[in-house]
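Colleague: Each chain, letter by letter, is given below.
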Amino acid sequence: MSTGTEPYVDDVVVDDAGQQESFLEVENLRVWFGTPRGMVRAVDGVDLQLRKGETLGVVGESGSGKSVLSRAIMKILAPNARVLDGSRIRLDGVDLATVNPKKNRHLWGVDLSMVFQDPMTSLTPVITVGKQLTETLRYHLDLDAKAARAEAVRLLRLVGIPEPEKRFDQYPHELSGGMRQRVTIALAISCSPKLLIADEPTTALDVTVQHQILNLLRDLQASSGMSMILITHDLGVVAGRTDNIAVMYAGRVVEMAPTRRLFSHMRHPYTRALIDAIPKLDHPSHTRLASIPGRPPTIVDPPPGCSFAARCPSAQDRCTKETPTLVTTPDSERHSAACFFPLGTPEGDVARRRNIEAGVTAAGTPVLSGVTV
Amino acid sequence: MTELVQQRPGPESVTEIEAPLEVFDEHVRPVRRRRDFGALFGVVWIALVALAALLAGVLPIPDPNEVTNSFSAMPSADHLLGTDAIGRDVLSRIIYGARVSMAVAIGATSLSLLIGVTIGMVAGYFRGAADATSSLFVNFMLAFPPLIFLIAVVTALQPGLLTLVVALALVGIPNFARVARANTIAFADREFVTAAKALGARPLRILTRELLVNVMLPILSLALVVMATLVVAEGSLSFLGVGVPPPTPSWGGMLAAGRESLSEEPQLVLVPALFFFLTVFSFNRLGDWARGRVGRESSI
Amino acid sequence: MAGSGTAHLRDEDDIVLSVRNLTVEYVGSRGERVFAVSDVSFDARRGETIGLVGESGCGKSSVAKAVMQLPAPTSGSIVLEGAEIAGVKGAALRRQRRKLQMIFQDPISSLNPLRKVKDIIAEGLRVQGGTSKKEVAARVQSMIERVGLDPDTAADRRPHEFSGGQCQRISIARAMVLDPEVLICDEPVSALDVSVQAQIMNLLEEMKERYQLTMVFIAHDLAVVKNLSDRIVVMYLGKVCEVADADDLFASPAHPYTRALAQSIPEPDPEAQIQEAALSGDLPSPLNPPTGCRFRTRCPLAQEICATDEPEVREVRPGRFAACHFPLDESATDEPPLDASADLDHSAERAVVA
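Chains as they are written, first to last, in the working numbering: chain B, 1 to 373; chain A, 374 to 673; chain D, 674 to 1027.
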């Protein structure tokens, strides 16, 4: 339980100078969607900071709001989305809400770019790979045809595509899934972005190809110094490849910490439950998994209380009545959790032990087998 | 610190607990605040026309073929929509004419749907030879200009309502066959059909229990549009004089009769034309509405 | 890889399912010949779970469909409780289907959107016949409960009112209501959220214990397969690479492909060493698979012989079967411990010097 080995806690008190250091700042972001059943709170008050050159992992299940968050930053939300007043996204000190995308065509696509889960989201099926790349280069960087071609071939080589001159004239459907994802990465980094958002970039790929793509992103980041947000449902993907991790649940960040610290000192019961639910290769076969009851919710008009309370083995009366906010943990400035009874604290242990003994939580949920203090 | 709670086997330990929150699909569509008044009008209008056609015999209206001595009269208390060139009550002829339009719309479309869907589903499910044969038939039908085909059939056979319904049904078959085939192919690829095969279900059972309902959703919206087309086709045939033989009233026949005195008594054309227009419009609007609904259903 | 051969098959009394020399080839949409599965063999004891693992295009799903006779394989033998089912048709096949059921990957697509849950689950009993209406209703009711749904509220609803995990429970109920001997699960949890995936995996384990079920479990996620399986078959491009007990396989892979897979898995542990790309390149096309060993184009250990001679599945160490000319030995992946022992030696030396 010591924090002595924590390499990422640089214990710089977050003062004004610290604020300056943040490259991307998201403040109280709220994105709601109008639906037949009412306003869905896809993102409901998210605060995030990302420093230059760092990688932030955003982890969550379906409906956690992780993709909506990235689309809000990219300003590519669906038409029925509403960004609520008071939401603020600042990139390098510039409030993105004040930037007109029509006048400032080179912010999105140059400073900010994105890689999607499905490569075909950013590739056009009827245009060759090379032409899609050169068009972007010519539009944003004003290159002439020859220079753009040379740069496109260089980019294709950079992302590890064999025979880039030949691939240049091929159509996306002639490439494998892994190659297509490499092309979209080439597109995304073509204008040297300062921030790259990768939304489930490897979910559709096989593990061996996933490994290659994740390594590619890591190498590109190391050489360019860009910041990166890696969005995924897979804690394994972010474990070795991020500086910080934000865990999202039901539209909110429930825990945020430097990566190593998050894994060694997880505070939020959801983070712990998520880890415990994953089968691990080094466990013997037929190890019973500690599953989480129920399923991730989508929130419409939430009653007061923690959105995880219904599934949480630690839930107490207070959790069903008050909504916890993200607060810094006492032992680290950079670790925060939104929980009244954090794991690894005396009150958290008492709460959980009480529920295990009662066999049921304050929310009326039976405590499943395998739940430990 | 790490005491393990005793595992409890049995169903209770896996019971899924619902979060006490509104829970539904993440990919929700935007709210459609406005009601579809066009479709609402369509339902009301078609219901009125169908009801009038059904109850024509008992409604307090004169006989459609009863000749009075007020020729081409304007609307009055005696004749709500006036009279035609030989003194027959226009409202009564419109209502009796609606019988022809409705018989065609419902009768011909049903017949056509029944045959077309059967052909299309068999072709789409079995593919191969069945598909090739039906494609040949469907393409043959489509290559024929429908009006010429209709005139040929109607003149070759005994003229009358039944002939008309059968001929129009034939014209409608390719539409239903194509849509049914395409949807059958799409659904036959879904895993629930594979699952039915894995349970040992025979093709007939799969076609009727698994595929039919799914194929019928888009087919029903198509049926409304086909109804509109067939009402127009019947009108055209009657207008050309090869539809229902006089003196049986029909909207197309009334249009044809009114054509000769169009400049002097335009109401004789305008009244049936208006009914024509509203009925076809209603069917089409309903078809559009149904197609929108089907889109939403199948996206679930 | 490339493994033909049947050295790993067991000659025992309690073999419930035995698949021998299974080959699936079909003609693709452009008239080309696709070699989906080439000469794959495996067997399963009663109550055992066989995991089939491999990346997309390795043919694992084609194996599942071929075993289910959906459609029948191009060639090969599938023996279920002593009876050959490959090529069996009509009523005889229908009777066998009662013993052999399947769960699919897509929880939404595998349920008819317009049928009620109780009808979906009852379908198997109705198709198979011989069960009275009352009995069908009772068995459906108890099966809904057994998969963890509330029979009173679930029975009359349609699939779109359920979440992915609940739909998968309905699929399991549909298969289990026939009380099959063998259950084939084709990626049953890969479309589910992590928290729900664990629920379904636990449910499958419970079903297996309760009904003495033999399972063939197919997935691309190695950790998921390992958790549920007793014995694992690793496949690559339509061939068997390696067969081993679940607990041994990834600890000491014998086939270079198995090792590459194991090294590619992102472990939820920030301290884990991230390997440089374990494998380069993409999967070759199944239209024109490489000669010799099919893995040789991506194998770091490939030699000339790998292009000319196809390796057969053989016992490379006790209980370990692999199709490779140059199988890895048990210590091949233990590089860190080797380094550690070197350090230990040094410190021992220093201690001695001191």
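Read the hints as simulated data drawn from the structure, not as lab findings.
Fair warning: this is a prediction, and the values are worked out from it, not measured in the lab.
For each residue, glycine too, the CB sits at the ideal point set by N, CA and C.
Heads up, some of the hints might be wrong.
[Unchecked claim] Simulated restraints on C-beta separations:
1. B:P302 x D:R830: 20 to 26 Å
2. D:D942 x B:I127: 50 to 56 Å
3. D:R830 x B:T121: 48 to 54 Å
4. D:G701 x A:A502: 19 to 25 Å
5. A:L509 x B:V126: 28 to 34 Å
6. B:T121 x D:G701: 56 to 62 Å
7. B:Q170 x D:G701: 18 to 24 Å
8. B:P302 x D:A924: 55 to 61 Å
9. D:G954 x B:V126: 50 to 56 Å
10. B:T287 x D:D1002: 44 to 50 Å
Colleague: Tell me, in ascending order, the numbers of any earlier hints that this structure violates.
Modeller: 2, 3, 6, 8, 9, 10
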